[in-house]
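On the provided structure of chain A, position chain B as indicated by the hints.
Next come the chains, spelled out residue by residue.
There are 2 protein chains.
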Amino acid sequence: MKTLIVVAHPKIDDSSSQAFFKAGATLVEDATWHPLVEPFDVREERALLMAADRIILQFPLYWYQAPSSLPKWLNEVWSVDFASHLKGKQLAVVLTLGRQLQDYQPGAAVGVTLSDLLSPYVALANTCEMTWVPPLVVAQFARMTEAQRQSLLIRYQQFLSLPDTHFQTISQWWVDQLNKRPEAAQIAQTLQERQEHLASLRQSVKEAQDDE
Amino acid sequence: MKTLIVVAHPKIDDSSSQAFFKAGATLVEDATWHPLVEPFDVREERALLMAADRIILQFPLYWYQAPSSLPKWLNEVWSVDFASHLKGKQLAVVLTLGRQLQDYQPGAAVGVTLSDLLSPYVALANTCEMTWVPPLVVAQFARMTEAQRQSLLIRYQQFLSLPDTHFQTISQWWVDQLNKRPEAAQIAQTLQERQEHLASLRQSVKEAQDDE
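Protein sequences, first through last, are from chains A and B. Going by the numbering used here, 42 is the number at position 42 of the first sequence; the sequence numbering is gapless. Going by the numbering used here, 211 is the number at position 211 of the second sequence; the sequence numbering is gapless.
Looking at chain A on its own, in the form it has when it is part of the complex:
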């Protein structure tokens, strides 16, 4: 799966979270890190979009909206005619928040949900007949512990490379990662065996259910 990461951030070089994501993305084969820089070369931008299977829009919220470079890019690059070429591709968002997650609900400080705030991108996926992938939301990166960041790195890499979030897909991802390191081959072997065992158990349960 080829993934294009369109990053909209006015001060990307000062952002510790974007530096973190960039480092994570370089470790993922077939992922292209693409920060938006004005003016846009429409031809080049469209070629990048056409080549991708999953298009990720990655940005912080400023006053509850993406930085202005993103709507500008959408208006210049993503014309209605061109959008027909994107049909069937996946659209996803990686969102970074300065506020805590619980602020985004009725009655709390912000008072609206993240689903509300991301609705323009859901609508974009709908009208372009793209598949909307539930977003990866990262709140208060600056306050994360080292362990939380390690976990985030893995979630981010999976978000860039996995076609879905099924249990089996994620297990296979771990097997692949471990197999890349010779010292972890034994763990990978055990994980692989357990997964096969699990698949066989699942099959038995299914057959039992079908019998009823």
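For identical chains, the list gives no copy identity; a pair is met inside one copy or between any two copies.
Keeping only pairs whose Cα atoms sit at most 25 Å apart, straight-line, the calculated SDA-like set for lysine to any residue is:
1) Lys11 - Glu76
2) Lys11 - Phe40
3) Lys87 - Leu97
4) Lys87 - Trp63
5) Lys87 - Leu136
6) Lys2 - Ala23
7) Lys11 - Glu45
8) Lys11 - Val42
9) Lys89 - Gly111
10) Lys11 - Asp41
11) Lys89 - Pro106
12) Lys11 - Val37
13) Lys11 - Arg46
14) Lys22 - Val77
15) Lys22 - Ala8
16) Lys11 - Asn75
17) Lys206 - His166
18) Lys87 - Gly107
19) Lys11 - Pro39
20) Lys11 - Thr127
21) Lys11 - Val77
22) Lys22 - Thr165
23) Lys2 - Pro163
24) Lys11 - Lys22
Derived from the structure by calculation, the hints contain no laboratory data.
Here is chain B on its own, set in the frame of chain A:
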């Protein structure tokens, strides 16, 4: 009530709906027509905002978001520190749509609602402790009949000048409008009398209810 109309439209001079609204706004005392033009003079923009009781953000949707000049303006002008000066003011949106209204619901072409799409501005009002005024939504202006446009003109002028949409406030607006034209003085007189009669009936109903 002083009203500031902040218009975000990249081709405002080519827009027949914005020309229509501009003509309507000039007839309203205490309404300031203010199209966004980059670069922004932050000091001047803030002075306009401080002087207003109702701040209207007026824009079309491009890919389900405001044109990029609006988030840019918000980020440059509307800092967190400055926002404290806007506390208690009203925030409203005038939205123009190329699509028909029924496209904005689950299962329809766009698949999300206008309330979803306007949620960034509701959140803005919430965190700045401003009063959110339900939006004026204008779908497919180009296809409107002459009668529909006349009705829209009145709704728009009321939206710019009335503090609320109570029946009595709107009635009084009509009386004021008619009184401006000598030939309509008799209608205004009748309307005024009916309104007083209505107020007295309301009082009687209230007293009757209190007796129970």
